[in-house]
Amino acid sequence: MSRRLLPLCITVLLFIGMAAFGAIRYDGFLSPQVFLNLLIDNAFLCVVAVGMTFVILSGGIDLSVGAVIALTTMISASLLDAGWNPFAAMAVVLLFGAGFGALQGFLIQRFDLAPFIVTLAGMFLARGCCYLISTESIPINDPTYAAIAQARIPVGFGSSLTIGAVIALAVVLAAMRIAHATEFGRTVYAIGGGESSARLMGLSVSRTKVGVYLLSGFCAALGGVVMTFYMLSGYSLHAVGLELDAIAAVVIGGTLLAGGVGYVAGTLFGVLILGIIQTLIAFDGTLSSWWTKIVVGVLLLLFCLLQRLFEGRTRKAA
Amino acid sequence: MKLSQHALFWPATTLLLLLAVCALFNPSFLSIAWRDGHLYGNLIDILNRAAPLMVVSLGMTLVIAVRGLDISVGAVVAIAATVAALMIGGKFSAGGDVASDHPLWQALLAALLVAAACGLWNGLLVVKAGMQPIVATLILMVAGRGIAQLLTDGQIITVYYAPFFALGNGFLLGVPVALWIAAALWGLLHLLLSRTALGLFIRAIGGNPEAARVAGIRAASITLCVYTFCSLAAGIAGLIISSNVKSADANNAGQLLELDAILAVTLGGTALTGGRFTLAGTVIGALIIQTLTSMIYSLGVPPEVNLVVKAAMVFAVMLLQSAEFRGLVLRAVRGGAKHA
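Residue numbers (the numbering used here), protein chains in the order written: chain W, 1 to 318; chain C, 1001 to 1340.
Hints are computed from structural coordinates only; laboratory data are not their basis. Any given hint could be a false lead.
[Said to hold, decoys possible] Covered stretches of chain W (in silico footprint by chain C; criterion: 3 or more residues with CB under 8 Å from a CB of chain C, positions within the stretch not fixed):
{"no.": "1", "region": "130-137"}
{"no.": "2", "region": "298-304"}
[Stated by the list, open to error] Simulated restraints on C-beta separations:
{"no.": "3", "chain 1": "W", "residue 1": "Arg308", "chain 2": "C", "residue 2": "Ala1271", "range": "26 to 36 Å"}
{"no.": "4", "chain 1": "C", "residue 1": "Leu1198", "chain 2": "W", "residue 2": "Arg199", "range": "37 to 47 Å"}
{"no.": "5", "chain 1": "C", "residue 1": "Leu1024", "chain 2": "W", "residue 2": "Ala174", "range": "53 to 63 Å"}
Computed from a prediction, not measured in an experiment: that's the story for all the values here. From the three backbone atoms N, C-alpha and C, an ideal C-beta is built for every residue, glycine too.
Only chain C is shown next, with the shape it has when bound in the complex:
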């Protein structure tokens, strides 16, 4: 097989090109240093900032692989962040220490359970009620943020309890904790999908749900699990994001994250029609989006251009993925060669 036919060829090339452009304009862009007991540099920064998007996009990849779509992940991020922040709370004591209202592990567990419950709700609407995925998750997308605001009474909840900040700001063995979380999730999913039959089942369901069901695959339960996992991943991202900014903003946390996640999945080469998916591609897709943002800031381009560049990228990628378009270009090139 030719290198250019590998599923990851185009996403990886895009990422490398972007990095090369960065390095060209700013030679120190690619340097990584060891400072204050941890790795330091633009590349580490990109990896660290892309971590929440990677986590959400991994969940989204599986949902899209079973012909679904989850546009409620941004709202789930807000809900999980709110639950964790409310449970940790934190009051200053006389000694200047901050105590949490509930033990940290309880708060994190509660946030993740609530997130998983959101996913179960989405999954039930899709599998049991037979709704279109985009409509089923639209309900939670609209109502979810309202619920999060109801919990916080419309306020931004600030967290003062320092151990919670480790998730989004801490380092473990010199590497950001958020990156460890994203890598662990990726590793876990990779093992689960390549070493068990689950990966095959998901591909089968995405390829043809009816045929998969007839072949004896429990399509309904697997789809339900996939939606639950996607929301759980969004919950994890919510914890990282709220830990990073040391607060929970029910109205703005994870705003437009669903669109970035779908974009990361598409950029990575997963087919939106279901069946074909690549976890590594999704990780690269998330990195492309973050690199683009970092690049625009580091090149001193006004950040206003970011959205236009993003739009151009999406147009380019979706046209490249369209068989019709490739055929048209190929015919044009051949026609041109004939005339020449």
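Isolated chain W (complex conformation):
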């Protein structure tokens, strides 16, 4: 088996192990709907984490995604409040997210600034703009949004998916294609492996770097739209700290934070693992919510140590 696939395999095995543990320990855990709910409840996280995967593959980081989600829900809610057509509102926020990301990417690329600081400022800006729109939660009463929120797509065995979950799956499939079968995707991997060598190879490094943040901003806005379906409200404090969950999902999914190595499919399993931890804790009923944080921390530690081990081996082999 290829060494590069090893972290992904461990992630998948871990997920299966946790599911088996839940199935043995708790009654009713092994029903299709429980697993589909993992995707339904974490659809927005999944969309955002896919965008984050590209940023991290290119060796960068995007701390602004949680705030961009909140801003998306706020803008959507206030546009709908003003009587906009729901689809026009969606188009506006998606364009806005892509533009916001592209602007951050431009600053990072053109002025050689640290992604950490630029996206940190972006996070302050987006969160601040939320407060400027309103400090209160804005409910959404639009019939189209309500219909989308309530729609269930049956997938057999008496279980169903929401539109949000379907969007998340579509994003994962599209991202896998972009990452592995396009020039953009290959350039992202090349930049993560070594920016100057990618430049020397004649790849369009500058354009791709801006593109990566544009994609992440777009995914954050799309995640925000999915969250708007899920919550049916706009609120400044939606998705606080979601950027950390997204980064954790990417790392647990086996992507190297140094860039250059990883798979979009791994991120999907990273998100599912974060979801199954919460489901296990909910099924147990006696464990408190803070165990989620501790378990996620331990998993992060294990995966990072594993990656170090794996890196060391490849270097020795080379």
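The hints should help you fit chain C onto chain W, whose structure is shown.
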């Protein structure tokens, strides 16, 4: 050397400008009075409130100077505050006095030791396991708050033992105790870094870790100490913060403090790429952040604007620090002059 080339010129100018704006809108802003046996006034208030941020940022400066980053300081603040609050506890006795469960010094020492242990953990992950600093400290950032909540069972622990309140609310010789602590830490670090070779070593490690190691500097041990110190400083800040609010909130204490600390360090003129650092700049950076907050409240601007202004400041400062951007502006100015 021209004044404008001094490392502290831009941070100090920013701070003075902010204060001038405050004074312009509120002439009594800069006045300091002596009331109830201590100094009183907006400036004292800013210094007092900025103290925990200054303490954390001083630790962060050193971490950034050795090419690191510590995003776990907020979680460490929560852990230290929780340990101290749990150990002090405090029960009302019949006489109306409050007794502490453990002597105060034991509680404070235990909190600081736990904080230092957190830093040692971070340092080991960076130095021994070779993880990227942001990932290594992300682990504690995520798990740390969970651990603090586990200790408190998710409750906010209220402290009733009055002597503990001196840290965050007390005055010594008319000056807030928190400010004394921050100043003492700054003075100590300044002496340590300017009078011993340690400052030079840290600059060398930040400039080029490999070259520093080859030159015989014990880069690994120094980096380990720097991470331990950063968490220790976060622990001190945690004690000040929990003493100030007379409670420990595992979920919210020190929330986003890591970002403010990194911002203070950047605003002060320390390079995020490592090697160049200024402690005085960091102190000014922390004061800029607090002045901005106080200014927004005192001018009657809705506090919602605070974050947007902060974002604008970060954008401005990072662009000014970028050589590319300065070059672009310089060319534009020269080009403009030529055409004129």
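Evaluation of the provided hints:
1. 130-137: holds (count 3)
2. 298-304: holds (count 4)
3. Arg308/W - Ala1271/C: 26 to 36 Å: holds (27 Å)
4. Leu1198/C - Arg199/W: 37 to 47 Å: Once the Cβ atoms are compared, 38 Å apart, the range 37 to 47 Å for Arg199/W and Leu1198/C holds.
5. Leu1024/C - Ala174/W: 53 to 63 Å: Holds, since Leu1024/C and Ala174/W (Cβ atoms, about 54 Å apart) stay within the stated range.
Consistency note: the structure conflicts with none of the earlier hints.
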